[in-house]
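**Student:** Once you know that position 19 of the sequence shown is 19 in this note's numbering, the rest is easy, because the numbers rise by one and skip nothing.
Cut-off 30 Å, straight-line C-alpha distance, at most; resulting in silico cross-link-like pairs (DSS-like, lysine-lysine):
| id | residue 1 | residue 2 |
| --- | --- | --- |
| 1 | Lys107 | Lys97 |
| 2 | Lys4 | Lys107 |
| 3 | Lys71 | Lys4 |
| 4 | Lys3 | Lys38 |
| 5 | Lys93 | Lys3 |
| 6 | Lys4 | Lys38 |
Simulated DEER-style distance windows between Cβ atoms:
| id | residue 1 | residue 2 | range |
| --- | --- | --- | --- |
| 7 | Asp28 | Asp112 | 13 to 23 Å |
| 8 | Lys68 | Ala88 | 13 to 23 Å |
| 9 | Met94 | Met1 | 27 to 37 Å |
| 10 | Thr106 | Phe20 | 11 to 21 Å |
| 11 | Pro111 | Pro74 | 29 to 39 Å |
| 12 | Glu65 | Lys107 | 17 to 27 Å |
| 13 | Pro111 | Glu30 | 11 to 21 Å |
| 14 | Leu31 | Pro108 | 13 to 23 Å |
| 15 | Glu103 | Glu12 | 22 to 32 Å |
Calculated from the structure, these hints are not laboratory results.
Yeah, the Cβ is synthetic: ideal placement off N, Cα and C, and Gly gets one too.
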Amino acid sequence: MTKKILLAEDDEDNRDLVMFMLQRSGLDLELLQAENGKEAVELAERHIPDLILMDMQMPVMDGFEAVKLIKSTPAVQHIPIIAFTAQARAEDKMLTKSIGCVEHYTKPMDPDEFTRLIRKYTNI
1 MTKKILLAED
11 DEDNRDLVMF
21 MLQRSGLDLE
31 LLQAENGKEA
41 VELAERHIPD
51 LILMDMQMPV
61 MDGFEAVKLI
71 KSTPAVQHIP
81 IIAFTAQARA
91 EDKMLTKSIG
101 CVEHYTKPMD
111 PDEFTRLIRK
121 YTNI
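Assemble the whole structure, with the sequences as input and the hints as a guide.
**Tutor:** Below is the structure:
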């Protein structure tokens, strides 16, 4: 069964890299893409993905606000969200966990670790 992943990322190069890594993984996935937090919230409510990868620093609505909105909306609050960010400080990790992210994944991406996380949270 195809799993849906929502990627919220404002940087086109990062979106392309994630798409490449997902295709390379061979996993049966459908990728939805949002360029900001507002789009991510709308797509999450419309498509109910199995997993959300959320950049935390985006225009229009940042990832922090988007995660809070998703986690406060009953229809989508169950979806695991991985903070997908360049911020690697311990305080950043604690903050993303405190708002409801299941993981804090720091860019740049390690292909094996990335695939492991996707498998873990989509049960593939």
